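Trainee: Now for the letters of each chain:
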Amino acid sequence: MSRHMERRSFLKATGVTLAGAGLTAAGCGGGSGSSGGTVTIRYAWWGADDRAKKINETIALFEKKHPKIKVKTDFQQYADFWKKFNTQAAGGNPPDVFQNAIGFLRKYDAKRVLLDLSPQADKGNLDLRNFRAGLEKFGEVDGKLLGIPVGSNSMGYVIDEKVYEKAGVSPEPGWTWDDWRNGLVAIHDKGGTSGDSGAYGVMYLYDLILRQQGKAFFTEKDLGFTESELAAYWDEALKGVKSGLYADQKKVEQVKPKSALAAGLAGGEFTWDNFTARYSAEGKSSYAIAPIPTLDGKRTGQYLGSLMLSGSARTKHPAEVATFINFMVHDPEAGRIMGYDRGVLSTTEQYEAFQPTDPVSKKIAAYEQQIADAGVLEPITPHPAGADIVEAAFLRIAGDMALGKASAADSAKQFFTEAKTALGA
Amino acid sequence: MRQAGTSPDGDAPGPAPRPAGRLRPKRDGLIGYLFMSPWIAGFLLLTAGPMAASLYFAFTEYNLFDSPKWIGLDNFTEMLDDPRWRTSVEVTAKYVVIGTPIKLLLALGVAMLLAQSRRGQGFYRAAFYAPSLVGASVSVAIVWRALFSDDAVVDRTQSLFGMDVGGWIGDPTWVLYSLVALTVWQFGAPMVIFLAGLKQVPRELYEAAEVDGAGPWRRFWNITLPMISPVMFFNVLLETIHSFQIFGSAYVVSNSTCGPADATLVYTCYLYQQGFENSRMGFASAMAWMLLIAVGLVTAVLFWSQRRWVHYEEAAR
Chain A
1 MSRHMERRSF LKATGVTLAG AGLTAAGCGG GSGSSGGTVT IRYAWWGADD
51 RAKKINETIA LFEKKHPKIK VKTDFQQYAD FWKKFNTQAA GGNPPDVFQN
101 AIGFLRKYDA KRVLLDLSPQ ADKGNLDLRN FRAGLEKFGE VDGKLLGIPV
151 GSNSMGYVID EKVYEKAGVS PEPGWTWDDW RNGLVAIHDK GGTSGDSGAY
201 GVMYLYDLIL RQQGKAFFTE KDLGFTESEL AAYWDEALKG VKSGLYADQK
251 KVEQVKPKSA LAAGLAGGEF TWDNFTARYS AEGKSSYAIA PIPTLDGKRT
301 GQYLGSLMLS GSARTKHPAE VATFINFMVH DPEAGRIMGY DRGVLSTTEQ
351 YEAFQPTDPV SKKIAAYEQQ IADAGVLEPI TPHPAGADIV EAAFLRIAGD
401 MALGKASAAD SAKQFFTEAK TALGA
Chain B
1 MRQAGTSPDG DAPGPAPRPA GRLRPKRDGL IGYLFMSPWI AGFLLLTAGP
51 MAASLYFAFT EYNLFDSPKW IGLDNFTEML DDPRWRTSVE VTAKYVVIGT
101 PIKLLLALGV AMLLAQSRRG QGFYRAAFYA PSLVGASVSV AIVWRALFSD
151 DAVVDRTQSL FGMDVGGWIG DPTWVLYSLV ALTVWQFGAP MVIFLAGLKQ
201 VPRELYEAAE VDGAGPWRRF WNITLPMISP VMFFNVLLET IHSFQIFGSA
251 YVVSNSTCGP ADATLVYTCY LYQQGFENSR MGFASAMAWM LLIAVGLVTA
301 VLFWSQRRWV HYEEAAR
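Sequence order for the protein chains is A and B. For the first sequence, my numbering begins at 1 and goes up steadily by one. For the second sequence, my numbering begins at 1 and goes up steadily by one.
The hints are simulated quantities; they were obtained by calculation from the structure and are not laboratory data. Please note that a few of the clues may not be correct.
Calculated from the model, a selection of chain A residues having no Cβ within reach of chain B, i.e. all distances over 12 angstroms [to be verified]: (1) K68; (2) R129; (3) K298; (4) D331.
Have a look at the derived ranges for each label pair, beta carbon to beta carbon [to be verified]: (5) K239(A) x I102(B): 39 to 47 angstroms; (6) S159(B) x R112(A): 50 to 58 angstroms; (7) V143(B) x Q213(A): 42 to 50 angstroms; (8) I102(B) x L295(A): 50 to 58 angstroms; (9) E333(A) x E277(B): 36 to 44 angstroms; (10) K53(A) x V301(B): 49 to 57 angstroms; (11) V143(B) x K239(A): 36 to 44 angstroms; (12) P230(B) x K84(A): 41 to 49 angstroms; (13) L292(B) x N130(A): 54 to 62 angstroms.
In this text the structure is predicted, and so the values were computed from the model without any measurement. Using N, Cα and C, we set each Cβ at its ideal position, and we do this for glycine too.
Kindly produce the complete structure, drawing on both the sequences and the hints.
Mentor: Shown next as structure tokens:
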């Protein structure tokens with residue numbers, strides 16, 4: 001299909017210009033430089049329909065401003081996206097440009113799939129100025145620039161405002177894990193519902209808890225915690241499940257892909273702050289972002305995370321890929337269309353262009369402003385190759401445990417076995 | 001059609017059709033192969049080639065990106081030590097052992113009801129067969145997920161009878177039975193085959209038995225069952241092999257997790273996870289060959305057992 005399209009536009013282009021020599025080499029689309037031919041690049045991302053709509057709008061705008069570059073798109077849900085991408089990349093046919101995340105950077109760098117964008121930045125096809133809070137460094141691995149952030153987000157505690165108000169619990173910055181747990185008890189006692197969806201299988205949350213203790217989920221090549229530490233953490237979680245402080249996992253399982261919070265099964269959920277937008281669309285209640293609980297009333301362990309755009313190392317059109325990424329992160333109009341769908345916009349041009357008017361976007365902006373002002377943000381810690389498999393195993397094994405399949409100790413043991421395999425591979 | 005069938009010889013002077021005799025020139029064989037060549041090419045390129053490759057990968061560590069590394073039997077020994085692999089074997093065995101007999105019994109029962117002439121039988125046959133046509137599709141699996149979810153139709157109906165199980169989809173002990181129900185619901189294909197078999201049983205046998213005073217149960221046991229046993233054998237074989245290969249419904253009903261708690265981790269689902277999620281194509285290939293061997297063994301056992309219970313009519317009627 002793509003070859004067909006390219007052939008057509010290629011023929012059209014050659015019809016206008018000279019049917020010159022040297023074009024014969026460009027059998028797979030027009031030459032990327034001076035020949036005047038149209039170039040088609042493939043762009044893939046994951047997300048829901050709502051994101052697809054916004055992205056298509058930005059692409060229409062891009063094609064209008066860069067008539068010689070056509071963009072073909074492809075999208076799936078998160079898990080399916082990476083299965084397809086993996087297969088395409090292995091077959092030597094990955095999309096030219098695609099959405100990426102930190103957990104995949106080293107993995108695909110090791111497999112030589114990712115395009116180093118720094119030469120393109122040197123050539124002026126990609127502008128690295130005006131990124132907020134040093135975000136332009138986010139996709140750097142061993143001196144190579146492998147991804148450009150499209151937005152920034154941070155973990156937060158998204159709560160159902162009605163549930164929390166009813167129980168008389170009001171989370172404040174600097175609240176401790178004890179305060180948080182007392183809140184869950186209050187919610188359970190007064191409302192009979194669970195106060196939390198039970199995110200003890202979410203790698204990023206455990207990472208924050210470890211970071212509050214001066215550790216991290218990963219070291220450069222290994223796990224940054226011990227089996228007994230994890231067993232203790234999960235043991236406590238299991239008690240929470242049994243006492244009803246956490247939502248019933250059987251029900252959580254059935255409402256997927258909807259979140260437990262939006263489905264009304266829980267009063268709160270640890271997740272990325274930009275998910276508030278999605279939950280507000282899914283759920284019936286009103287949602288707010290509460291601060292991350294702490295151990296010492298101060299350190300939250302938070303950092304800015306981000307979705308990125310990366311290029312394929314095998315692309316025939318690196319310049320066009322860089323031009324496209326540049327447009328997506330800098331163009332004010334594109335920023336206005338995307339809003340905070342993939343986090344708070346990463347460059348000042350886009351950040352200033354998009355003035356959130358809806359209450360949810362305002363809450364996300366205010367939350368990020370608050371954590372930036374509070375100075376709790378720290379640098380991100382490593383995500384070695386294999387991090388994606390470890391993340392999936394962590395989630396799955398915690399879920400199995402909560403459904404009563406194994407004890408906390410056995411689950412921790414199982415996780416360590418699988419993680420060692422994934423990180424060793 | 002007649003032209004193609006009767007004058008295959010290009011050298012024949014004129015189109016004079018030869019009588020369809022026994023003597024055919026050897027060249028016919030060549031032409032036969034020529035007509036078969038698209039299939040042969042497809043078989044070699046799309047089936048035999050990949051199979052040979054996968055046999056090789058089964059003895060390697062292969063992550064799709066780096067070239068395969070020969071590790072001998074390590075994949076197979078790792079498999080036997082892997083608790084999740086054992087879970088997948090158990091889940092699949094349970095699915096086959098529970099699902100296949102129920103499906104076949106239902107197919108036979110309904111076939112016997114529909115074998116009798118009655119008004120609207122065409123409609124009923126079509127209605128019972130229809131799920132087999134649409135059953136394999138992803139959309140039906142999505143519908144299934146919706147039916148068996150918490151507070152959905154099945155859950156509510158159960159509650160009416162005082163059974164508070166909750167939705168089946170989120171419950172590790174129940175979710176596999178929703179998959180069994182899905183395959184049983186698609187009993188139409190074996191039913192049609194049973195119907196054909198039942199129609200072949202000569203009526204005289206029943207009449208003679210009736211004269212001798214045999215009741216309905218005895219007629220079924222002593223006439224129907226032995227007479228349709230070859231058809232039965234065919235259905236058992238086909239459905240068993242088919243059941244071993246369950247993937248789509250487990251994958252979709254579990255929302256692509258093969259869970260909860262690995263309760264729907266059927267063999268192919270684990271194979272898929274290893275291959276496409278963990279990029280362990282060598283291990284996945286080894287798993288695939290183990291499945292082939294297992295299905296081969298089960299098939300051999302079934303063939304061996306047929307001497308005891310399948311009756312072929314020797315005398316020409």
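Trainee: Okay, which hints does this one fail, numbers in order?
Mentor: none
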